[in-house]
Amino acid sequence: MPSAGRRVVPFWGLVAIVVALDRVTKVWAESALADGRVIAVIGQAMQLRLVHNPGAAFGIHVGPWSRWVFLVIAVGAVWLLHRMSREAEPGDVLRRWSVGIVAGGAAGNLIDRIISAPGVVDFIDIGLPTMRWPTFNVADMAVSCGAVVLAFSLWREDARRTAAPPA
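For reference, each letter of the sequence shown is one residue, going 5 to 171 in the working numbering.
Hints in this document: simulated from the structure, not taken from any laboratory.
Mixed in with the good hints there might be a few duds.
If you anchor each label on the Cβ, the simulated ranges turn out as follows [to be verified]: (1) Glu-93 <-> Asp-39: 44 to 54 Å; (2) Ala-167 <-> Ile-46: 37 to 47 Å; (3) Ala-168 <-> Gly-17: 30 to 40 Å; (4) Val-31 <-> Ala-155: 27 to 37 Å; (5) Pro-169 <-> Ala-44: 53 to 63 Å; (6) Val-42 <-> Val-152: 24 to 34 Å; (7) Pro-94 <-> Arg-41: 46 to 56 Å; (8) Pro-94 <-> Ile-118: 26 to 36 Å; (9) Met-50 <-> Ile-21: 16 to 26 Å; (10) Ala-167 <-> Ala-36: 50 to 60 Å; (11) Gly-80 <-> Ile-119: 18 to 28 Å; (12) Ala-20 <-> Val-76: 20 to 30 Å.
Just so you know, even glycine gets a beta-carbon here, dropped at the ideal spot from N, CA and C.
Turn these sequences into a full structure, and let the hints steer you where they fit.
Here it is as structure tokens:
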């Protein structure tokens, strides 16, 4: 239990913020880009274009049950991340923030799997004319960035344990 005066980063608050940003941008993308319109943000290097992804990251697809398989995986991930948040040391703000952000991204795409029949709404398209990164969304950015920060947090914790003298 955190001591008095210590502020605990609210896991569900971070999830809600990421989900809200993700939903607002996806609703906008479906409205503004539905007719096949492409908006050049930085020439051809960064464009906004609507794509529906029935699979997972990078278009991974596991057949006709993909939607439900990835839905179950997302629910499990959010549960595991919530547990990681609760078990983190009270002072480990980096860990608490990162798991909340990753969970928010997972929840954002989970919501799309439930409400969007064609698949997860992706709209950020980066690359060169002949080489493009898979199109992504705000939830994907939250998962990716949060996972990098979480990995750093876990590495830092492991380094502290290794450096500490044995008891």
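Hints and how they fare:
For Glu-93 paired with Asp-39, a C-beta distance near 50 Å keeps the hint of 44 to 54 Å intact. Hint check: Ala-167 to Ile-46, Cβ distance near 43 Å, so the stated range 37 to 47 Å holds. About 32 Å separates the C-beta atoms of Ala-168 and Gly-17, a value consistent with the hinted range of 30 to 40 Å. Checked against the given bound of 27 to 37 Å, the beta carbons of Val-31 and Ala-155, roughly 31 Å apart, stay inside it.
For the pair Pro-169 and Ala-44, the beta carbons lie near 57 Å from each other, so the given range of 53 to 63 Å is met. A C-beta distance of roughly 29 Å is found between Val-42 and Val-152, which places it inside the suggested range of 24 to 34 Å. Range check, Pro-94 to Arg-41: about 48 Å between beta-carbon atoms, so the 46 to 56 Å window is met. The hinted range of 26 to 36 Å is satisfied by Pro-94 and Ile-118, whose Cβ atoms lie roughly 34 Å apart.
Taken as a hint, the range 16 to 26 Å holds for the pair Met-50 and Ile-21, whose Cβ atoms sit roughly 24 Å apart. A beta carbon spacing of about 51 Å between Ala-167 and Ala-36 agrees with the range 50 to 60 Å that was offered as a hint. Gly-80 and Ile-119 have their C-beta atoms about 20 Å apart, which keeps the hinted 18 to 28 Å range intact. For the hinted restraint 20 to 30 Å between Ala-20 and Val-76, the CB-CB distance of approximately 22 Å keeps it satisfied.
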